[in-house]
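J.: Keeping their order, the protein sequence lines are chains U and G. Mapping of the first sequence onto the working numbering: position 104 corresponds to residue 104, and the numbering continues sequentially without gaps. Mapping of the second sequence onto the working numbering: position 120 corresponds to residue 240, and the numbering continues sequentially without gaps.
These are calculated hints, taken from the structure and not from any lab test. Check the hints yourself; a few may be wrong.
Ranges of calculated distance between the beta carbons of each label pair, as one might list FRET restraints [as the list claims (entries may be wrong)]:
hint	chain 1	residue 1	chain 2	residue 2	range
1	U	Glu41	G	Glu202	28 to 34 angstroms
2	G	Ala158	U	Gly117	49 to 55 angstroms
3	U	Asp87	G	Pro160	36 to 42 angstroms
4	G	Gly252	U	Gly27	50 to 56 angstroms
5	G	Gly252	U	Met1	48 to 54 angstroms
6	G	Ser238	U	Met1	33 to 39 angstroms
7	G	Glu146	U	Glu109	20 to 26 angstroms
Far from chain U, some chain G residues (derived; all Cβ distances over 12 angstroms) [to be verified]:
hint	residue
8	Thr122
9	Glu146
10	Pro152
11	Ala154
12	Ala204
13	Glu255
14	Asp260
15	Gly265
Here are some chain U residues pointing at chain G (derived, C-beta under 8 angstroms) [to be verified]:
hint	residue
16	Ser9
17	Lys10
18	Val11
19	Met12
20	Ile15
21	Arg18
22	Ser83
23	Glu84
24	Gly85
25	Ser86
26	Glu88
27	Lys104
28	Pro105
29	Phe106
30	Thr107
Using N, Cα and C, we set each Cβ at its ideal position, and we do this for glycine too.
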Amino acid sequence: MKILVADDSKVMRQIVIRTLRQAGFGGHDVVEAENGRDCLEKVATESPDLVLSDWNMPEMNGIDCLAALRAQGSQVTFGFVTSEGSDEMRARAAAAGARFLIAKPFTAETFTEALAGVLV
Amino acid sequence: MTAAPAITDVQAIVEQVWSSFLGEAEPLLPAPVAPGRAFPADDAWSAAVSISGGWDAAVTVELSTPLALSLTTTMLGLTADETAEGPLDADVADAVGELVNMIGGNIKSLMPGPSVLSLPAVAAGRAAHPSGAAEVARFDGVRAGQPVRVAVHVIPQP
Chain U
1 MKILVADDSK
11 VMRQIVIRTL
21 RQAGFGGHDV
31 VEAENGRDCL
41 EKVATESPDL
51 VLSDWNMPEM
61 NGIDCLAALR
71 AQGSQVTFGF
81 VTSEGSDEMR
91 ARAAAAGARF
101 LIAKPFTAET
111 FTEALAGVLV
Chain G
121 MTAAPAITDV
131 QAIVEQVWSS
141 FLGEAEPLLP
151 APVAPGRAFP
161 ADDAWSAAVS
171 ISGGWDAAVT
181 VELSTPLALS
191 LTTTMLGLTA
201 DETAEGPLDA
211 DVADAVGELV
221 NMIGGNIKSL
231 MPGPSVLSLP
241 AVAAGRAAHP
251 SGAAEVARFD
261 GVRAGQPVRV
271 AVHVIPQP
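With these hints in hand, go ahead and build the complete structure from the sequences.
T.: Structure (structure tokens):
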């Protein structure tokens, strides 16, 4: 499977990729995007099976990226990895079509729980 | 009255972020500094995020340069060979910015909303605050003898 990791922070993309490995999901192809617009383009060109996206990014944020994907008809599995894990943000994410929201800081166990049934 | 997060919540968030991404081998220990006293390092990095909407505030992080460099190499997972020349400034700015983003995002979640969290602004140097800003919570700590400060400021509304 192919995973697209979208975050404007290179450090955080590295941490997400490392945590995927620690959670037992190291065998998948990983593609990176630097913001929501880049993510939108790479969903089209790379056809990932899963998008793990930050919320707060320059150019285009994660929620606008998700809305644009759904408006284009893309049903790619989409989950947020964000520092904002309030009930309000979780409700907005779910309403927009996100499968889950992982709040930062997270552990490998958080990834295992969130991605169970998503990645095989 | 100005809404403010409990200092115990701020400390819990900082410790959780710290242990999740930096491990517990070198714990972050509280090291209170008297109110009004400057951050105890001349050579420092700092970062800030603002929160606006239901609650208007700024969250800042200051940390000594050795701690900022150590944080960056750990977060990037660099090996000893890769860190021989130290991380690039852009990587330090990225790591310190992500630290304040995580802390600020978690503090925002505790406060009245809806609010918007800004992207982080990072500087090589101490954080400075406008005279109208009131510090409502602060955590001072040390890791391996190196200081870090997290502060929450609000701008009183007229």
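J.: Indicate, hint by hint, whether the structure satisfies it.
T.: The hints, checked one at a time:
no.	hint	result
1	Glu41(U) with Glu202(G): 28 to 34 angstroms	30 angstroms, holds
2	Ala158(G) with Gly117(U): 49 to 55 angstroms	52 angstroms, holds
3	Asp87(U) with Pro160(G): 36 to 42 angstroms	38 angstroms, holds
4	Gly252(G) with Gly27(U): 50 to 56 angstroms	54 angstroms, holds
5	Gly252(G) with Met1(U): 48 to 54 angstroms	52 angstroms, holds
6	Ser238(G) with Met1(U): 33 to 39 angstroms	34 angstroms, holds
7	Glu146(G) with Glu109(U): 20 to 26 angstroms	22 angstroms, holds
8	Thr122	20 angstroms, holds
9	Glu146	16 angstroms, holds
10	Pro152	24 angstroms, holds
11	Ala154	30 angstroms, holds
12	Ala204	19 angstroms, holds
13	Glu255	22 angstroms, holds
14	Asp260	20 angstroms, holds
15	Gly265	24 angstroms, holds
16	Ser9	5 angstroms, holds
17	Lys10	6 angstroms, holds
18	Val11	5 angstroms, holds
19	Met12	5 angstroms, holds
20	Ile15	6 angstroms, holds
21	Arg18	6 angstroms, holds
22	Ser83	3 angstroms, holds
23	Glu84	4 angstroms, holds
24	Gly85	6 angstroms, holds
25	Ser86	4 angstroms, holds
26	Glu88	6 angstroms, holds
27	Lys104	5 angstroms, holds
28	Pro105	3 angstroms, holds
29	Phe106	7 angstroms, holds
30	Thr107	6 angstroms, holds
Checked against the numbered hints above, the structure violates none of them.
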